[in-house]
Structure formats: C-alpha cells, structure tokens
Amino acid sequence: MVMGYRILDHTADIGIEVHGATLTDLFSQAAFALVDLLTDRAMLTGEAERIIRVAGADLEDLWINYLREILYLFNGENFLLKDIPGIKFSELSLEASLLGASYNPRRHAIKTEIKAVTYHRAEVKQTPDGWWGVFIVDV
Amino acid sequence: MLKKIDDCRWEVPMIGGMKVPGIIYTSERLLKDMGSDESQKQVANVAHLPGIVKYSLAMPDVHWGYGFPIGGVAAFDMDSGIISPGGVGYDINCGCRLMTTRLAYDEIRGSIRELVTALFQNIPSGVGSKGDLKLSVKEEKKVLEEGSAWAVRQGFGTPEDLETTEDGGRMEGADPERVSDRALERGREQLGTLGSGNHFLEIEVVEEIFDPIAAAAFGLEPGQVVVMIHSGSRGLGYQVCDDYLARMVKHSGELGFPLPDRQLACAFLQDRRGQDYYAAMAAAANYAWANRQMLMHWTRETFEKTLRKGPREIGMRLLYDVCHNIAKIETFPVEGKEMRLCVHRKGATRALPPGHVALPPTYLRIGQPVLIPGNMGTGSYVLVGTEKAYTDTFGSACHGAGRVMSRTQAMKASKGRSIHREMADLGVTVMASGRGTLSEEIPAAYKNLDEVVAVVHRAGLARKVARLRAVGCIKG
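From first to last, the protein sequence lines stand for chains Z and V.
For reference, each letter of the first sequence is one residue, going 46 to 184 in the working numbering.
For reference, each letter of the second sequence is one residue, going 1076 to 1551 in the working numbering.
Treat the hints with caution; some may be incorrect.
Here are the simulated DSBU-like cross-link-like pairs (lysine-lysine), alpha carbons at most 35 Å apart as the crow flies [as the list claims (entries may be wrong)]:
| # | chain 1 | residue 1 | chain 2 | residue 2 |
| --- | --- | --- | --- | --- |
| 1 | V | K1216 | Z | K156 |
| 2 | V | K1325 | Z | K133 |
| 3 | V | K1129 | V | K1463 |
I should point out that these hints are in silico values taken from the structure, not numbers from a laboratory.
The structure displayed is predicted, hence computed values, not measured ones.
Excised from the complex, chain Z in its bound form (with noise of 0.2 Å):
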C-alpha cells in the first residue's frame, strides 16, 4: 500500500487522487496534498496551531467540507498547513489538531491560487488494503 497522492489531469481544475492506509492517514494526505498546490510545503515551520471541527453529510460530504476548511485557514487566516498530528473522527464529523505557519510573503512562494475545492467527483472508500479518495480543486 503506497500512501500519499497524484495529480490527476483535467482541462480546467486540477484532481487529486490520494491513498492512505487509514482514515487518518487518508485525510492527511489530502490535507498535504492541497498545501503542496499552494506553497513548497518542506520550506514551513510548524509554530502555529489549530483546531478544526467539520461535520457531512456523509463521508464524501465530511471530505469536501473538511478540505474546504484547511483551504478557508490559508485564503482567509494566512495559516499554511505544516503538519497533522491527529484527526478524531465520530460517525459523520472531524476534529482536526494542526500545526503549521502564519503565511509571510517574503518567505513563503504561493505556486497557485485555489478558488475552491469543489464537490464535483468527489469520493471517499475503503479498498483492501486501505483508503481512496478523489477531490477536484477549481484554480
């Protein structure tokens, strides 16, 4: 089982396929990956922390929700997410301990703005050896 993700082409937006060996890891991953987009996530300090609590309606639902939060941190709180040191999930909610960095321009590039992530194809599920999940990001 390979964890971590990969860009998936589409003419207009960018989608992100990712892998994880649990639920936890799953939603890091995604989390990463949406950071990745934005910034060179290796060049962040881990200073600041957050809380994040998110609810779905189901688990495709919670996904987009929960990724659109950790976007909403950096377009609307300058926070860069460094690192996840645990996620608690109950039935159809989240919460979401993070650490990571106050956005400096002077320090840190932005490769890409990210309008959204969207709802559109969005899937979460379990596999044999894991989970799977697809997000598309409208740039």
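Add chain V to chain Z, keeping to what the hints say.
This is chain V only, laid out in the frame that chain Z set:
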C-alpha cells in the same frame, strides 16, 4: 451520442431524466478538441434540473467544468425553476472591460515596455494580492450595494463610465447581509486587485475591422491603442459561492429529486435559500464591478504619467464592461411569449440585439458590444449582439477561447522553453507575478480563438466587429 443539426450546432438528445435536450454550438474542428472531454455529459446533467427552459446550451469555447460546463448557458422558469451557485461559478461576475484611447500604436510603440512595467507596479496582481486600501466592513457593504457607483464616488473614474457598464455596474437585489463574515473578511483587502490565473490587463492594438459601421459606433479604428481588463470578484466571490454551495449540498435531500452531480447543488428560485444566494451573488457582482472600475482608473493614471500626456490627449473611454459568470433575471421569448427567466451564464457573455431596453443610448441602434478576451498574447475580439442570440441563446455568446490542455499538460509542454522570450518574439511584452502563470497560460493551452469566434459569427449569435492584437500584458 451527439447529433449534428447544422454546421454550427450539435444536439445532445434527450435521454433518461433530461427535461430538455442539449445544444452545443461548435464546429467539426472544435469537436475534435473536445475529445475525451466530459463537457457533453455536463450539458446533459444540467438538462436534468427542474424548471429548465428550451435547452441546456454550450458555447463553442465549452470545456469541462465542475457541475455546469464552462461555456454553459441555461435558463430557468421563475416559478418552478432553480438557481445554482455552480451554474455561475466561483468567480462571480468575472468579466471584461475594454477601453479605447486616442492613441495610435505608432505613436507609443517605443513606450510599451515602460507602460507594462508601470502598470505592473501600479496594479496589484498575483495570488491573494492585496490592494492599497483596507475597507471597514461598513464601507465594504456600501461597495456590495452600489458597485461601480461606489468607486466613482470615491474618485475612481467618472459617471460616464457607468453608462457603458452592463447594468450600470450595479445589480439590483444585492443584499450585503446575505454575505458571510468570511467572505467580507476576504474582500476587505482585495478590492482593486487583478488576481491571478487567467486574469490579465492587456494593451492591445486594433488590428482588423470586420464591421465598419459597428466599429465606428464603438469608437474603434485600425491602429488604435485599446486596453482590455479581465478580472472578477476575487476572494469575496469565491467565498460566496463556496458558502452557498455547501449550504445547498447540505439541503439537497429536500429538493425532491436526485442530483446527477453534487456540484449542481441548487435551490428553488421561490425558496428562501435560492433568494438568499441571489442577493449574495448580486452583492459579489457589484464588488467585481467596483474592482474593475478601480483597475481602469489606475490604468488611466498610469498612461497619463508614463506617457506624460493629459487625460484629454489619452482619451481613455470605457467602451463597455460585460460579465461572463452570472445568473440574472431577464426576459426572453419562449414559444412566442416573453418570459421572465433566471439565465445562468457560466463562462458565457451576454449579447443583446439592437433596440434592447438594457442598452445604453450610445449603442441602442447598433447592439451590445460583446467582448471576447483571448488568452495571453493571442489578442481579443469585439463582437456585437444580434436578434438571433436573443431568440436562440437567451442573449448569450462565448466568453473566450476555452482550455484544451490541463495546467499540468501546459506546464509539461512549456518545460525548458522561455515563454517570456516566445511572447516577445510574438511582439508581446509580458510581466507576471506568479512563477507558473506564464507556463500554465501558454497560447497552445487554449482552443483557437479565431475558430471559436468564427462559430459564434457563423451561427449568428454575435457579429464580428474587430480583432485586437496584444502588445503588452500583465498577469497575476
């Protein structure tokens, strides 16, 4: 599954739960570009939505979006129909404005580089770019209510600019109280910024006139310098779309029909959720108009300062400003009767015929200017609206070239090349703030604009008036 109707139109036949057929305006050549593209399926998906009238349309620049295709047009009955944030897009009132000048290219040929550099300095651009002013929430709400008029009141431009802006730069029904705190916060520092991606400000030259009468009415002549601005409602608009999509997805179970794609989430026009979205969307549209008004004002200032000429000598006049991501309540003929409809244009430009009541007096006899931006370096087109668009496409035409390559493909295709140099060889001075922007936006990533416009012209949706060639460009 496509059925050819004539040289410009292909039908997506009605199957399954489709309430109306789909019609794609295209050509044999452009159809090949569509290839594995899912846009046909998306045209069909839109046809499933309640209250859709006549057909689900796609313009020749159609490409795969999310939910609605980009280049899609759909109109809904006010009583039984829906409104969908995904049918407008994230960049609410993304649009174009074109300014004419009294300058001939020959006069300022030597100053293009200096102009581009100065524009790049004076106009904030790039990812998450912030403007010079940080608005109080109270002031920001005035922007959301008043649109371009707010900007003019602050000294960014003149009242005449409002006459040649779609809807006078202010959409009725805007309610800032329907815009979330998150959206307001994102909007406070981004007013008066160009943004990134395919947004640009371009110095162009009128290269060819196709329709001398319309060109004269629009104030266009060969060799003249003009400026095209392509921008929208920035983070505020993205957030409004995002907020309302999430709300509509959450309540999609109450709609009473299954959604073929969650991104098509919508609400009935008669329902509170639909009306709230409309009021928030109109507010975001007004923000975008104020934004483009300010960008134009700084362009005027930059031209004056750089060329050391007065405003009269430069004579930068707003030819027109038109949006291409919007849902509007408009009246069009349906089965011989005029009907009020909610027309969604997601990557489609309004194109009104001569004599239409919404036209400014200057263009009443000739029709609405339809501004079609190309992508970087390919130049742009000016067209004029026709009766045909009024009867056949809810007064709509294409909005640009439309992508054929994904951004990753474009990055690969431009690897090892100096896009700056290639653009310079084409005679275009380009400055961009983003590292990847130039590579992602290479001309080959888009459909052939000439072909897209030719289809619109042949189909009679809008008539070609002039072709503009890019000479200088700033990008985010």
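Verification of the hints:
Note on K1216(V) and K156(Z): the hinted pairing holds, with a Cα-Cα distance of about 31 Å set against a maximum of 35 Å. Of the supplied pair hints, the one linking K1325(V) and K133(Z) holds, its CA atoms being roughly 22 Å apart against a limit of 35 Å. Using a Cα cut-off of 35 Å, the hinted pair K1129(V) and K1463(V) holds, with the two alpha carbons roughly 15 Å apart.
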